[in-house]
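**Q** Sequence:
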Amino acid sequence: MEKVAFIINPFSAKKNYQPFLKELKNKVGNPLYYVSESIPGTDEFIKTHFDEIDIFVAIGGDGTISTVAKNLISTDKILAIFPAGSGNGFSNETRFSKNLDELLEKIKAKQSRKIDTFTVNDRLSINVSGTGFDGKVVKEFEKTSRGFKNYIKVSLKTFFNYRPIKVTFLDKEHQQYNGRYLMLNIANTRQFGNNAYIAPKASKSDGLVDMVLVKKFPLTYSALFAFRMFTKRLKDDEYVTYLPVSEISFKVNTKNWHLDGEFNKIESPIHVKVQPASLNILV
Numbered sequence: 001m002e003k004v005a006f007i008i009n010p011f012s013a014k015k016n017y018q019p020f021l022k023e024l025k026n027k028v029g030n031p032l033y034y035v036s037e038s039i040p041g042t043d044e045f046i047k048t049h050f051d052e053i054d055i056f057v058a059i060g061g062d063g064t065i066s067t068v069a070k071n072l073i074s075t076d077k078i079l080a081i082f083p084a085g086s087g088n089g090f091s092n093e094t095r096f097s098k099n100l101d102e103l104l105e106k107i108k109a110k111q112s113r114k115i116d117t118f119t120v121n122d123r124l125s126i127n128v129s130g131t132g133f134d135g136k137v138v139k140e141f142e143k144t145s146r147g148f149k150n151y152i153k154v155s156l157k158t159f160f161n162y163r164p165i166k167v168t169f170l171d172k173e174h175q176q177y178n179g180r181y182l183m184l185n186i187a188n189t190r191q192f193g194n195n196a197y198i199a200p201k202a203s204k205s206d207g208l209v210d211m212v213l214v215k216k217f218p219l220t221y222s223a224l225f226a227f228r229m230f231t232k233r234l235k236d237d238e239y240v241t242y243l244p245v246s247e248i249s250f251k252v253n254t255k256n257w258h259l260d261g262e263f264n265k266i267e268s269p270i271h272v273k274v275q276p277a278s279l280n281i282l283v
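Residue numbers (the UniProt record's numbering): 1 to 283.
Some hints could be false.
Okay, derived cross-link-like pairs now, BS3-like style, lysine-lysine, Cα gap no bigger than 25 Å in a straight line [unchecked claim]:
#	residue 1	residue 2
1	Lys-255	Lys-153
2	Lys-27	Lys-110
3	Lys-265	Lys-235
Label-pair distances were calculated between CB atoms; the ranges are [as the list claims (entries may be wrong)]:
#	residue 1	residue 2	range
4	Glu-238	Leu-100	43 to 51 Å
5	Asp-237	Asp-43	39 to 47 Å
6	Pro-19	Asn-195	37 to 45 Å
7	Lys-114	Lys-215	54 to 62 Å
8	Thr-168	Leu-100	20 to 28 Å
9	Pro-244	Glu-140	25 to 33 Å
10	Ile-73	Lys-110	13 to 21 Å
Worth flagging that the hints you see were computed from the coordinates, not collected in a lab.
For glycine and all other residues, C-beta sits at the position ideal for the given N, C-alpha and C.
Work out the full structure: start from the sequences and follow the hints.
**A** As structure tokens, then:
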């Protein structure tokens, strides 16, 4: 394990990372690890150890994973994951579990494959990013103690009060989709997290992302929408539109975004671009 580094987000998993660290120390002699205090701190740790390390392990949620991943884009370094977030969408999609023994076996085998990532105005995303309703939900969710129950509570409260966003596409090919939407998502993988599949046909290795446009729907449709989302059956209909794209530009009348579940303010116009086969993932 001399060419492996473990990067721990101490604020993930309800700030209870000590059991993981204790188990890691018991099973790996003198592991190289860093308990991250900030994004710049993580960047500096990776930069310092970049040449001597082959595999960087992110311990946290999608935001933590994305922070580590941005330092490994278009290099031969390998990203591994121990999921410790509230949703764990990306780790679910890349088949990482909360089993340290299983992770250590994968690290010993050192098998990897390249997957796509994408950028939103040059900011990296590896899983699902979006604006509109879910961007607002993430903003409000970050004010809570997190957890799935709080996510549902915030989502319901936000839904009834939220005004749809206005989306204007800049290329002629997509201007027929100009309009008002409850939310707009860019999906590199199938799910937000917690097995909520916003883009059931998305692939992280096809050079495309699925743009998901969701119109505000009546309460009578909400149960069907939720059922389809949690059973991988969401599809094009009168409220949901899927646009597979490799690059696209548009304007939207809000700055509130989430990138892999982390709240961001991003100014329009928006430029989304896929970076094919840009990240090495442990398998």
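**Q** Decide, hint by hint, whether the structure agrees.
**A** Hint check results:
1. Simply put, Lys-255 and Lys-153 have alpha-carbon atoms about 23 Å apart, close enough for the 25 Å limit, and the pair holds.
2. Using a Cα cut-off of 25 Å, the hinted pair Lys-27 and Lys-110 holds, with the two alpha carbons roughly 18 Å apart.
3. With a C-alpha separation of about 29 Å, the suggested pairing of Lys-265 with Lys-235 is violated against the 25 Å cut-off.
4. Under the hint 43 to 51 Å, the C-beta atoms of Glu-238 and Leu-100, about 46 Å apart, fit the expected range.
5. In this structure the supplied range 39 to 47 Å holds for Asp-237 paired with Asp-43, their Cβ-Cβ distance being about 43 Å.
6. The hinted range of 37 to 45 Å is not satisfied by Pro-19 and Asn-195, whose Cβ atoms lie roughly 24 Å apart.
7. In this structure the supplied range 54 to 62 Å is violated for Lys-114 paired with Lys-215, their Cβ-Cβ distance being about 35 Å.
8. Restraint check, Thr-168 to Leu-100: a C-beta distance of roughly 48 Å breaks the suggested window 20 to 28 Å.
9. Between Pro-244 and Glu-140, the C-beta spacing of about 30 Å keeps the proposed range 25 to 33 Å intact.
10. Range check, Ile-73 to Lys-110: about 20 Å between beta-carbon atoms, so the 13 to 21 Å window is met.
The structure fails to meet hints 3, 6, 7 and 8 from the earlier list, while all remaining hints are met.
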